[in-house]
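Listed below, chain by chain, are the residues.
There are 4 protein chains.
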Amino acid sequence: MIKVGIVGGTGYTGVELLRLLAAHPQVTLSSITSRKEDGMPVAEMFPSLRGHVSLAFSAPEKARLDQCDVVFFATPHGVAMSQARELLAAGVKVIDLAADFRIKDSAVFEQWYGMPHSCPDLLAEAVYGLPEVNRKAIRTARLIGLPGCYPTSMQLGFKPLLSQGKPLVNESALIADCKSGVSGAGRKAEVHTLLAEASDNFKAYGVSGHRHLPETVQGLQAIAGRAVGLTFVPHLVPMIRGIHSTLYATLLPEARGIDVQSLYEQHYADDPFVDVLPAGSHPETRSVRASNMCRIALHRPGGGDLLVILVVEDNLVKGAAGQGVQCMNLMFGLEETMGLMHVPILP
Amino acid sequence: MIKVGIVGGTGYTGVELLRLLAAHPQVTLSSITSRKEDGMPVAEMFPSLRGHVSLAFSAPEKARLDQCDVVFFATPHGVAMSQARELLAAGVKVIDLAADFRIKDSAVFEQWYGMPHSCPDLLAEAVYGLPEVNRKAIRTARLIGLPGCYPTSMQLGFKPLLSQGKPLVNESALIADCKSGVSGAGRKAEVHTLLAEASDNFKAYGVSGHRHLPETVQGLQAIAGRAVGLTFVPHLVPMIRGIHSTLYATLLPEARGIDVQSLYEQHYADDPFVDVLPAGSHPETRSVRASNMCRIALHRPGGGDLLVILVVEDNLVKGAAGQGVQCMNLMFGLEETMGLMHVPILP
Amino acid sequence: MIKVGIVGGTGYTGVELLRLLAAHPQVTLSSITSRKEDGMPVAEMFPSLRGHVSLAFSAPEKARLDQCDVVFFATPHGVAMSQARELLAAGVKVIDLAADFRIKDSAVFEQWYGMPHSCPDLLAEAVYGLPEVNRKAIRTARLIGLPGCYPTSMQLGFKPLLSQGKPLVNESALIADCKSGVSGAGRKAEVHTLLAEASDNFKAYGVSGHRHLPETVQGLQAIAGRAVGLTFVPHLVPMIRGIHSTLYATLLPEARGIDVQSLYEQHYADDPFVDVLPAGSHPETRSVRASNMCRIALHRPGGGDLLVILVVEDNLVKGAAGQGVQCMNLMFGLEETMGLMHVPILP
Amino acid sequence: MIKVGIVGGTGYTGVELLRLLAAHPQVTLSSITSRKEDGMPVAEMFPSLRGHVSLAFSAPEKARLDQCDVVFFATPHGVAMSQARELLAAGVKVIDLAADFRIKDSAVFEQWYGMPHSCPDLLAEAVYGLPEVNRKAIRTARLIGLPGCYPTSMQLGFKPLLSQGKPLVNESALIADCKSGVSGAGRKAEVHTLLAEASDNFKAYGVSGHRHLPETVQGLQAIAGRAVGLTFVPHLVPMIRGIHSTLYATLLPEARGIDVQSLYEQHYADDPFVDVLPAGSHPETRSVRASNMCRIALHRPGGGDLLVILVVEDNLVKGAAGQGVQCMNLMFGLEETMGLMHVPILP
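Heads up: the sequence lines are chains V, A, P and R, in that order.
Mapping the first sequence onto the working numbering, position 140 (from 1) lands on 139, and the numbers just tick up by one.
Mapping the second sequence onto the working numbering, position 212 (from 1) lands on 211, and the numbers just tick up by one.
Mapping the third sequence onto the working numbering, position 149 (from 1) lands on 148, and the numbers just tick up by one.
Mapping the fourth sequence onto the working numbering, position 55 (from 1) lands on 54, and the numbers just tick up by one.
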């Protein structure tokens, strides 16, 4: 059994980790930290966990995280990097759900996250936890920086196009028009995500710049091995969970003849959590609700050169906690799908 | 034209007041205060008001509220009572949307609101701003304590039964099972009213005691002229606006023969904002959305002794800002319905 | 392995059955019928089932239901009673999620469901599938009539009070103010449950009479062994799943001293799917979302005689499909909780 | 006073027309037809109209539409074209909210709407009712084909760019990623727009082809005087009202220096219902809820060549009924804004 610790379990990615890990056949939940809630049973804060999680939150100094096999950080940005070195030294693997180990260039990190990076040397070692791209490296990693929710959907959506030997699309002018449920904003008391503000409403935000842009560009460039230009426009949807990314890419003249549907189907044939839908489909976010699945559909309206790629995922599962468990499975030599085969909740 | 000032216009009752007053034919919006937002145009915070409200927020000391004809307080509890005396002395009428002047007994106020009352002498003068009960007193009032949103619906629902010479129902065992949209909690950053918490969810709250209970009991007792016992159970509905109160009262044996439908229709025949629906109706909250109307329907399941009274209102209009404008109209000798005849928004 | 057939799998209880049974360790999904969708893979209608259910719908005559161990009917009222006799004769157990076998008195059935009952003799044999009441009888039953969603919550909420030797509350004047998400209305094309109609809206319905009233009264009377009077007021909540029942019962003078909290905790100590919350709690529907759990909290506002009992369940799980699987487990000698220990989905 | 008739008032555009016209100072509602609901008071179907609309539906043959000054068709496609000729002959102006008179080429109409056009000669006369494009022609028109909801937002969003003498953007590769609330699907009983299907969910639809594409291309080409290529991807948002169009256009090298913000502000300076927001804004659909306003914001992410234009409107007002009233005002020489200056409903 894998002894798991969680730092910061009071947010949505934390409670989702608890939901997944509580039912994982090879996991023992060992400790979960929260200085503020020290002593409070987790199931008191989240009654959904009554009968499933008997742990209480404990203050970090009592938590003995160094005795865990792996520690997940479901914390605000900046926490994991302050504790990772010590845990790694104690032989504990680290999986960060925040952004501390996503961006390889510490200057870029500092520009977008407004804080200095306290262990840039670990950035080199950290593996970007997107199994469909880095499966092999994840198996042997000690330190994982999990992708953001939007970046997961964008990279999975563009990957088959970009990972060919030569460009198929105009890689300098990719567009990602993305829509997310409000749980992506976290369990923070804020006015703009109140039900009375966000319900029966729709808006774009961060059009002039969003933290997930540099991360995604870095990821797409790693996939392509070439420079990539991306415009990313996120929107807020009045729903709890789910991301729908509508991606646009223009086929190059020499690639007009390719069978994009086949390309995607073959590309993802061996990836258990990417489902390429039949041609002409329109994936719904609820078709992956509360599951680790990502579904993709391809369109070429009017038979023209513009590809429209539709990608859905649950931002809290494949976009966060589920992807973390998928990485953990790989890191510990377990079946990649273990504890992750939930049937999505519909309706 | 009536010169109107608003203290605290950054919450939902404030922006709703602005919506109503901006289109009121006899009102000039004179000033709106917010220390924190001093100088910011109101329409910058609430783009819905662009082109309708050109005022900017101003710090209280600049606002010259003493030159207004009437000042509305759309503030947290405790603010109006600290400023009312001075405004009244300057000849300004005061309408408080918070609870400062609702409860006649300052000890009860202090018990439920956790603060001392700074001007108990004004409590005696203050008129409880429910026109259907106190229309005459409101016309000549200088100081109005507007009812809470739930209390408005409960009092309008029970009033015809309680206001008869002798009891018709068991007045010691009234039940009000009330449901409110989340805007009733205000525009405050809080976790439990986030869309990701409150959407696709339903719960009761405050069952052991809610501030609107003593206010409603006081009001019902004033209507009845007798002691009244009430159990009040509020619930949170995943919607923005609207209150639906399901009221239960048991007919006394000697009243079994009354025609409750007629009683209500006759009782409210002259009240422009109370609409008694045909027998057998089920009012929907959206049938009064964004309007000052209250709709009531009566049921007597199985022909038994238990009356079920269904009441809907928009908590921000008839439950707050609209009722304030209705009182203002009465206080200034205007048509009671002036500026309040909006057609509800459906769908 | 239990060979399971499903008649009518295109509605919400059908797809929920599929979700639960697809992951049940002792079940083989054998066939699912739909004349209209004959030949269509189930996962094409419900993409959430892709990779989990490989069955296609088949026309009834092809389905060989007589070779199943158990057949679930997730059909409109009237279908199960037309097929049950033949299946029972073939040695197949039958679990009906509709109302055909709920009501013992066929005259009452006919009055409320507007159709004659075609096999009143089977009504005597049919067991009402509420395990917390009829566990023993269910174990040996061949034919189960599963409770309705509302009746499950009302009976579980009142049961500890009514099942004592002598009355504790005024059993002639029980009130159930119930609120349900719209999936309770089924997956039927109807105007009043369109998102544009039911969203941002709240209403009562069926106050003059609802089919779940006679069923619940029958159940409560069976529990109490005495006549029971109930007023039932259902409401429609703008959410997908969940029932919240707010129950009212008046303590008899001689019962004022009882410890209701202890009574409930002890009563349900051995029921794996009923969770009595700590005193003072307010259960949320989302705390049981997509799970078979029912949570109950008890209040006695102001220390008076009126008990307020709050009950939540997922109408599609404990209120339908999950309860069916729970019964199946009992009927086949399996662990009652098998395949039903999902952690609720929150947020 | 203008005598107004409405054909088909039982859908969302019909009830919205009633809301607007009931409060219009120069309108007398003369008749509203529905064969199915003949004799039923309109306010019985839509209780929101109680006290505002006293008309009853009448069968077409009783309605005396030929005595109206103007008749609105809020009907399915195909109805207006069957009755327009006769009304025009009787001197009645006609405004069609459906698609019968939107598309100039009857062959294109037939291809997309699947029915022959019964009066192609009237197509030549019909004026496309988008006042910001055709104000002058609308003033003297007898027959108006009102734009669809999506096309209104796309045309208003692209117009300033396309209406310059020479191209500023790559007009052959425009993209419109549009999101609509479900009221856009009308008040029809359908499964996919049930709350239990569409709530807490997001999806694209009609990517391979949507009826609003040829209409919009026709409109954009009329604006530009040049061929235009457009990819249109509509999405369904779990909200009642509102359209948010995210438009993408690539600046041509020679146009990189233009001040797009100024261009839009100047272009729409005299249009009362188009509001260009300050640079950097993100318009929300609720900022125009229940109003005739359209708000636009402009972005140029990273200072690159890709323009991102954000457009919001209420699909039932500026996208349908409100635009119809705006046209009516122009056709009868009234102030363009008469009866349309509602303050949007927020929250």
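Treat each hint with caution, since some may be false.
Identical copies go unnamed one by one, so any copy, or any two together, can satisfy a pair.
Calculated pairs, SDA-like style, for lysine to any residue (alpha carbon to alpha carbon, straight line, at most 20 Å) [said to hold, decoys possible]: (1) K35 with V190; (2) K35 with H191; (3) K165 with L276; (4) K35 with A89; (5) K165 with Y204.
For the record, the hints were derived by calculation from the structure and aren't laboratory data.
Outcome of the hint check:
no.: 1; hint: K35 with V190; result: between (22 Å within a copy, 16 Å between copies)
no.: 2; hint: K35 with H191; result: between (25 Å within a copy, 18 Å between copies)
no.: 3; hint: K165 with L276; result: neither (25 Å within a copy, 42 Å between copies)
no.: 4; hint: K35 with A89; result: neither (25 Å within a copy, 49 Å between copies)
no.: 5; hint: K165 with Y204; result: neither (34 Å within a copy, 31 Å between copies)
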